[in-house]
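**Q** Knowing the structure of chain E, use the given hints to seat chain H on it.
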Amino acid sequence: MRSTPQQIPVPDTLDVESIERMLASLWQETARDSEYQVADAVLRTRAADLMVFLKDESLLAQSHQIISELATYHPCRAVLMAGDRTAPKRDIEMFVSAHYSSEKGAESSSLCCEEITLTARGEFVSELPSAAVPLLVPDLPVFLWWRDETGAEEKVFGQLCQAADRLIIDSADSPDPAVHIDSVARKLKLVRDEEIVLSDINWARLIPWRASLANFYDVQGCRAALDQIDHVRIDFTGEPDTSSLVSAQALLIAGWLASRLDWKLADKTQASDSQGRTYSFSKDDRSVVVSFNVVHRPAMKSGRLTQIELQNSELKAVFGVSRSEDGTHLETWTQIGEQAYPSRSLPNRIMSDAQLLSREMEMLSDDKVYEEAVAAAMEMIRHR
Amino acid sequence: MTETLVNPLRAGIPLGPTAESCVVVIFGGTGDLTRRKLLPALFRLAQQRLIPAEFAILGTSRPPMNDEEYRSQMREALAEFGDEDGIDEAAWNSFAQGIFYIAGEFKDAETFNSIKSRLEEIDQQRKTQGNRIFYLATAPEFFGLIAEQLAAANLSRSQDRAWTRIIVEKPFGHDLESARSLNNKLAQVFEEPQIYRIDHYLGKETVQNLMVFRFANSNFEPLWNYQYIDHVQITNAEAIGVEGRGGYYEQAGALRDMMQNHVFQLVSLIAMDPPVSLKPNDIRDEKFRALQTVRTISPEQVAQDAVRGQYGPGQVLGQTVVGYRGEPGVNPHSSTETFAAMVIRFDNWRWADVPFLLRSGKRLQKRVTEIAIYFKEVPHRLFSDTDAPLEPNVLLIRIQPNEGITLRFGAKLPGLALRIRWVNMDFRYGSSFGVKPPEAYERLLLDCILDDSTLYARRDMVERGWEIVTPILEAWKNPAVDFPNYESGSWGPAASFELARRVGREWRKP
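Sequences listed follow chains E and H, in order. 1 is the number of the first residue of the first sequence in our numbering; add one for each residue after it. 1001 is the number of the first residue of the second sequence in our numbering; add one for each residue after it.
Chain E on its own, in the form it takes in the complex (with noise of 0.2 Å):
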């Protein structure tokens, strides 16, 4: 993936045609570029919109990076906004740039990406929709990228929102877990009422774990050890003297199995430990305990999930999956009572936050599975 050299600034702010003229002209620049030059040296695709809005303009630079990155996948117009009330009033300013990528040996290059970055101080955060707005390409679907948990923004979201098809977060950006994944409830009853699509690029993170829980319901000979688990042991990564707060990945994962297992958290069953929490639920007339523990993993993000088993003790089956010491597997392993199921290592890519974003920009239905999920997350937190 190669880029223009540098962020054009656009002299007219807020003139779309102005902007479109820049942009016309980064493309005949790049097909001008020397080691491109033959008959149809810039092709364009554009699969979708993509806004992102910044609390301020510290994650600019990384988010150019994750946007170059993500043009590779999903070729689009990206439409950066980074805004910052609390810094001395200035107007919007504008630049644009381009992304491009050449095949290795192909006879031409394409051009993947336009990006318009906005920036904003004090109260003109308030026009950063207007001027945004109006950037995107009719006729694509639309990706709104929120990258504010501070929640001071509510107007400019509800704005940005009303122009998007999808909104994308990330669960693990706030330092109290609860806290985001009740902001994501709210967010999620707001997305419904815009009719637009929730997705959390923390929940993607989730899919290989989800994916391997999954594997072993798809073994007929396990169901029946399955059907009747008891406990549930959720490890994640993080200080011991936080173990009051279960991390955004845990509380997502034991939602979801809550929610696809049918079970229903019982009342003033929660209790915790220095090692962690535990919550009680009940599946017909037996019930199933899910305990939250903290380890020590200096090397990994907080947060991150380390191990979860899955125990059946009439049956003294356990189904256990494990990320491993340096991080780049899961192993996942099934013990019946003397039984042993053949257990396999399997990669645990990590992905970057482009492909964790690419993945999602891929599916335009909304995600029932995630919005139960959030919702059972939700009952445990209002149990804390």
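These are computed hints drawn from the structure, not numbers from a lab. Here the structure is a predicted model, which is why all the values come from computation and not from measurement. Heads up, a few of these hints could be off.
As the list claims (entries may be wrong) - Derived lysine to any residue pairs resembling SDA-like cross-links, with alpha carbons at most 25 Å apart:
hint	chain 1	residue 1	chain 2	residue 2
1	H	Lys1509	H	Ile1229
2	E	Lys368	H	Thr1320
3	E	Lys316	H	Val1006
4	H	Lys1116	E	Gly221
5	E	Lys283	E	Ser324
6	E	Lys89	E	Gly151
7	E	Lys368	H	Ala1091
8	H	Lys1116	E	Ala340
9	E	Lys368	H	Leu1015
10	E	Lys187	H	Ile1013
11	E	Lys368	E	Phe157
12	H	Lys1509	H	Thr1320
13	E	Lys316	E	Gln339
14	H	Lys1412	E	Val137
15	H	Lys1279	E	Met363
16	E	Lys316	H	Asn1007
17	E	Lys189	E	Ala375
18	H	Lys1412	E	Leu26
19	H	Lys1037	H	Gln1265
20	H	Lys1509	H	Leu1390
21	H	Lys1279	H	Val1006
22	E	Lys283	H	Arg1010
23	H	Lys1170	H	Arg1157
24	E	Lys301	E	Gln65
25	E	Lys189	H	Ala1011
26	H	Lys1279	H	Asn1217
27	E	Lys189	E	Leu364
28	E	Lys368	H	Lys1509
29	E	Lys283	H	Asn1007
30	E	Lys301	H	Ala1091
31	E	Lys283	H	Val1006
32	E	Lys264	H	Arg1010
33	H	Lys1412	E	Ser25
34	H	Lys1366	H	Gly1312
As the list claims (entries may be wrong) - Negatives, chain E to chain H, calculated, CB over 12 Å:
hint	residue
35	Ala61
36	Arg186
37	Arg260
38	Glu314
39	Ser345
Virtual Cβ for every residue (Gly too), placed ideally from N, Cα, C.
**A** The following block gives chain H in isolation, referenced to the frame of chain E:
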């Protein structure tokens, strides 16, 4: 058929369906196909969690060796033909635990009794539940024999709640008679739904995209008929020669090797009507119906509607190459065609009077497989005074390389004069999505495990393909007097261009 319980955790996981536990028994377990394609494909499927941990491979072939030696051979194959990034050792070590080997001769009944008892052991060890796929990655002369031996060892029928399937590699016969004979042999042992005839072309992403392109877009389908389409060209060109397979190719030739199967599959996908659903047999019914309406070429018409060619020496991609008759294993007076072109017509409403021009050959100018849909010209030449002649709109579907779709249309050149330039609107899979599509064998193997036969050839389709080419095969039994008749590195014999001209068209230069 196994009764499948609904998996409560599967919903919403964007990895596709996971296959059931099973053992894949590969006859020809040490062969080139296994090493290059099958083993890497199965390993990738496992890495993507698309096949379960309760999975096993039982390779079988002549050379005696134990499981560990076979695993070591397969690891070498993976290093050579697997992902460029190298082997994930942890993943390989757990995958390799499910790889087993048994040596034996296919003609020896004892081999199959041993396979049977080994499969029972594997079922216990790997929890594979009695589900089996027998993959015939052998020379075609063994297909019938292996099927009979499987039946004799009571391995061909599903046991209890388990399932049994068989995958047969092409060629599906040598002509109509041998195809029917092979199909009859397989039918004596297996039910048709158990038989998966693999044509790896159908596993390619663009071939699958043809269905999406035609039936998920409303703009092209109304034009997809005799009213708007002038003709269709399908080109399947290879720059390589017979690559050491002279012995095989002498018995095959371009018509059998490529036209009758790969090219006809593409024809049926272009010509078919919309299926009523995406169920495998609904799609295959429509593909078969399309081929059913291909007009039979009479023996007298063969010389008019078909052309054969054989490459002589020449230069391809900057290298001087020998002619076909100079290739190892080839008769120096061979009449085997390395190039075949034909024009087919349909006796149906949609394609009335729309010729389909088909060509396939080796040692052509470059490697390309493409389908070109030529639309009819505008009814009135409004822009007759421009300096460029009006050209037809062309929709180009490239299968390989650079899979993608191009639409060619006219646009006004900027300036005061009215000048038209023909431009391409280009969509390329690789550069548009930046995602490497799965290998054809990955898709096809997974489909077989999932009991989805959509991308596999059905008996009636195979036999219909042979029926269409039978008059040509008969006519071409006569020695060719003008071979070699095209230079390596060209676009085939002059007669091929005359063939196109006879129907009032020109071959495009891909």
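**Q** Take the hints in turn and mark each one as holding or not.
**A** Checked hints:
1. Between H/Lys1509 and H/Ile1229 the alpha-carbon distance is near 19 Å, which keeps this suggested pair within the 25 Å criterion.
2. Under the criterion of a C-alpha separation no larger than 25 Å, the hint pairing E/Lys368 with H/Thr1320 is inconsistent with the structure, at around 62 Å.
3. The hinted pair formed by E/Lys316 and H/Val1006 meets the criterion: a straight-line CA distance of about 24 Å does not exceed 25 Å.
4. A threshold of 25 Å between alpha carbons decides the hint, and for H/Lys1116 with E/Gly221 the separation of about 22 Å falls inside it, so the pair holds.
5. For the hint linking E/Lys283 to E/Ser324, the alpha-carbon distance of about 32 Å lies beyond 25 Å, and the restraint is violated.
6. Only pairs whose Cα atoms come within 25 Å are accepted, and E/Lys89 paired with E/Gly151 is accepted, the gap being roughly 20 Å.
7. In summary, the hint linking E/Lys368 to H/Ala1091 is not supported, as the alpha carbons are separated by about 32 Å, beyond the 25 Å threshold.
8. Note on H/Lys1116 and E/Ala340: the hinted pairing holds, with a Cα-Cα distance of about 23 Å set against a maximum of 25 Å.
9. Among the hinted pairs, E/Lys368 with H/Leu1015 is consistent with the structure: their alpha-carbon atoms are about 17 Å apart, no more than 25 Å.
10. As the CA atoms of E/Lys187 and H/Ile1013 are separated by approximately 22 Å, the hinted pair is consistent with the 25 Å bound.
11. Our distance criterion of 25 Å between C-alpha atoms is met by E/Lys368 and E/Phe157, whose separation comes to about 22 Å.
12. At roughly 22 Å between alpha-carbon atoms, H/Lys1509 and H/Thr1320 fall within 25 Å of each other, so this suggested pair holds.
13. For the proposed pair E/Lys316 and E/Gln339, the alpha carbon gap of about 10 Å is at most 25 Å, so the pair holds.
14. For the hint linking H/Lys1412 to E/Val137, the alpha-carbon distance of about 24 Å falls within 25 Å, and the restraint holds.
15. With a CA separation close to 24 Å, the supplied pair H/Lys1279 and E/Met363 stays within the 25 Å bound.
16. At most 25 Å may separate the alpha-carbon atoms for a hinted pair to count; E/Lys316 and H/Asn1007 meet this at roughly 22 Å.
17. Using a Cα cut-off of 25 Å, the hinted pair E/Lys189 and E/Ala375 holds, with the two alpha carbons roughly 11 Å apart.
18. Between H/Lys1412 and E/Leu26 the CA atoms are separated by roughly 22 Å; this keeps the pair inside 25 Å, and the hint holds.
19. The hinted pair formed by H/Lys1037 and H/Gln1265 meets the criterion: a straight-line CA distance of about 21 Å does not exceed 25 Å.
20. Taking the CA atoms of H/Lys1509 and H/Leu1390, the gap is near 18 Å; set against the 25 Å cutoff, the hint holds.
21. Note on H/Lys1279 and H/Val1006: the hinted pairing holds, with a Cα-Cα distance of about 20 Å set against a maximum of 25 Å.
22. Of the supplied pair hints, the one linking E/Lys283 and H/Arg1010 holds, its CA atoms being roughly 19 Å apart against a limit of 25 Å.
23. Of the pairs offered as hints, the one joining H/Lys1170 and H/Arg1157 holds, with about 23 Å between alpha carbons and a cut-off of 25 Å not exceeded.
24. Of the supplied pair hints, the one linking E/Lys301 and E/Gln65 holds, its CA atoms being roughly 21 Å apart against a limit of 25 Å.
25. Restraint check: the Cα-Cα separation between E/Lys189 and H/Ala1011 comes to about 22 Å, which is no more than 25 Å; the hinted pair holds.
26. Distance check on the hinted pair: H/Lys1279 and H/Asn1217 sit about 19 Å apart at the alpha-carbon level, within 25 Å; holds.
27. Straight-line distance between C-alpha atoms of E/Lys189 and E/Leu364 comes to about 18 Å, which keeps the hinted pair within the 25 Å bound.
28. For the hint pairing E/Lys368 with H/Lys1509, the CA-to-CA distance comes to about 51 Å; that exceeds 25 Å, so the pair is violated.
29. A hinted pair counts as satisfied when its Cα atoms are at most 25 Å apart, and E/Lys283 with H/Asn1007 qualifies at roughly 17 Å.
30. Under the criterion of a C-alpha separation no larger than 25 Å, the hint pairing E/Lys301 with H/Ala1091 is consistent with the structure, at around 24 Å.
31. Between E/Lys283 and H/Val1006, the direct Cα distance comes to roughly 18 Å. Compliance with the 25 Å bound is thereby established for this hinted pair.
32. Taken as a hint, the E/Lys264 and H/Arg1010 pair is honoured in the structure, with Cα atoms around 20 Å apart against an allowance of 25 Å.
33. Of the supplied pair hints, the one linking H/Lys1412 and E/Ser25 holds, its CA atoms being roughly 20 Å apart against a limit of 25 Å.
34. A distance of roughly 16 Å separates the Cα atoms of H/Lys1366 and H/Gly1312; the hinted pair therefore holds under the 25 Å criterion.
35. The Cβ of E/Ala61 lies farther than 12 Å from every Cβ of chain H, with a closest approach of about 22 Å, so its non-interface assignment holds.
36. Every CB of chain H is more than 12 Å from the CB of E/Arg186 (nearest about 22 Å), matching its label as outside the interface.
37. Listed as outside the interface, E/Arg260 is inconsistent with that label: its C-beta sits roughly 5 Å from the nearest C-beta of chain H, within the 12 Å cut-off.
38. Its beta-carbon lying about 20 Å from the closest one in chain H, E/Glu314 satisfies the requirement of being farther than 12 Å from that chain.
39. Some Cβ of chain H comes within 12 Å of the Cβ of E/Ser345; the nearest lies about 4 Å off, and the non-interface call is violated.
Comparing the model with each numbered hint stated earlier shows that hints 2, 5, 7, 28, 37, 39 do not hold.
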